[in-house]
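Colleague: Using the sequences and the accompanying hints, generate a full structural model.
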Amino acid sequence: MKELNLKILGSAQIKPTILIDNKKVKSKKNKYGSYDILYTTEKDHVEVSICKYLEINGKLWFLMSMLFWLISFFGIFDVPYDRKCIVLNCKFNLELKEKNNVSVKFNTIKTQGEAVTIETDSKYEILSNFYYLDKKAKKRIVFLRIFKLISFVLVVILVTVLGVKGMFTNIN
Amino acid sequence: MEENNVSNEKQQIDNNNKKISQEQNLENANNNKNDNILHENITPPSGVLTKMYMTRLGKILSNISIFCLFVSLASMTAMILSLLWLVIALILIIGTLGAIYVIIPNFRLVNTAESIGNFAEFLSKIVPYSLAIGIVCAIASLVLLIWDRNNIPWFRVVFSIIVIVVLLIVAIALFL
Chain A
8 MKELNLKILG SAQIKPTILI DNKKVKSKKN KYGSYDILYT TEKDHVEVSI
58 CKYLEINGKL WFLMSMLFWL ISFFGIFDVP YDRKCIVLNC KFNLELKEKN
108 NVSVKFNTIK TQGEAVTIET DSKYEILSNF YYLDKKAKKR IVFLRIFKLI
158 SFVLVVILVT VLGVKGMFTN IN
Chain B
896 MEENNVSNEK QQIDNNNKKI SQEQNLENAN NNKNDNILHE NITPPSGVLT
946 KMYMTRLGKI LSNISIFCLF VSLASMTAMI LSLLWLVIAL ILIIGTLGAI
996 YVIIPNFRLV NTAESIGNFA EFLSKIVPYS LAIGIVCAIA SLVLLIWDRN
1046 NIPWFRVVFS IIVIVVLLIV AIALFL
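Residue numbers (our numbering), protein chains in the order written: chain A, 8 to 179; chain B, 896 to 1071.
Treat the hints as calculated values from the structure; they're not laboratory data. Every residue, glycine too, gets a C-beta built ideally from N, C-alpha and C.
Not everything, but these chain B residues come out facing chain A in the computed CB check (under 7 Å):
hint	residue
1	Ile-937
2	Pro-939
3	Asn-1045
4	Asn-1046
Modeller: This is the structure in structure tokens:
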């Protein structure tokens, strides 16, 4: 069995999702905010993916955001979405020895340059390594804000009209 | 000779242009590759998305429980305030031997006390509901926020625990 000790450093702001061979792996967060992953396999190569996903990129994003808007009393108690919309995409193939120590350090979030720095004795091949400003997600967030604002105003008008009608019927 | 030089220069320019276009093609290919890789990974997997939604719901319920805490504390405060106002007003009237009505012509003991009292009465009617909703929402938010063990928002978890404790104390104080 081959052992992979993967350490993810500097991830406090980013909160990444870590996949090995497209399967999410269990990771422990230590007191310094770094992730420690111990992975065992019989394979000679593994593909490590470190990604940051945005909630707004989910399949039923509009329906879910409307559902949460309703649950939060028309957005009063709702939590705002991540405005920066910076996505992380890091994928690399790793050739495994008996014991492998890999340390992945996050660089400052910039849309140019490498997203992470990899330190290891094992052979690896980088498939992707960048931060990316997701313009589609940004547009969705702006659209949601406008839609929710208009909906909130309509709800307030509706409640006011119903209240006034109720008062008139009580008076009569 | 000059013609040869000119033709050589032209060839060099053509070669340079070819190199530039090849480099541009490579860059475009890389960008497309990155875009393809990005678009492959842009949609969160269902497990990750579920945890994100649960965290969001937990934060919304935590916000609702904080609002219910404020309503419950305001109810207690309003009752205390109305009593306090009565005490302060009586002290002012007795202390100034009634001169307060000359100093402040609009001074009204009863009206002000009555309005504070009405507000306190309104709040006391909704307090049982706000307490119940607050406690349920705080407990639910605690469960949902702890679900994603890698990304627990500890500040909210601690705050939810404080909200539960305070609401229980308020419930005991109001109903016992």
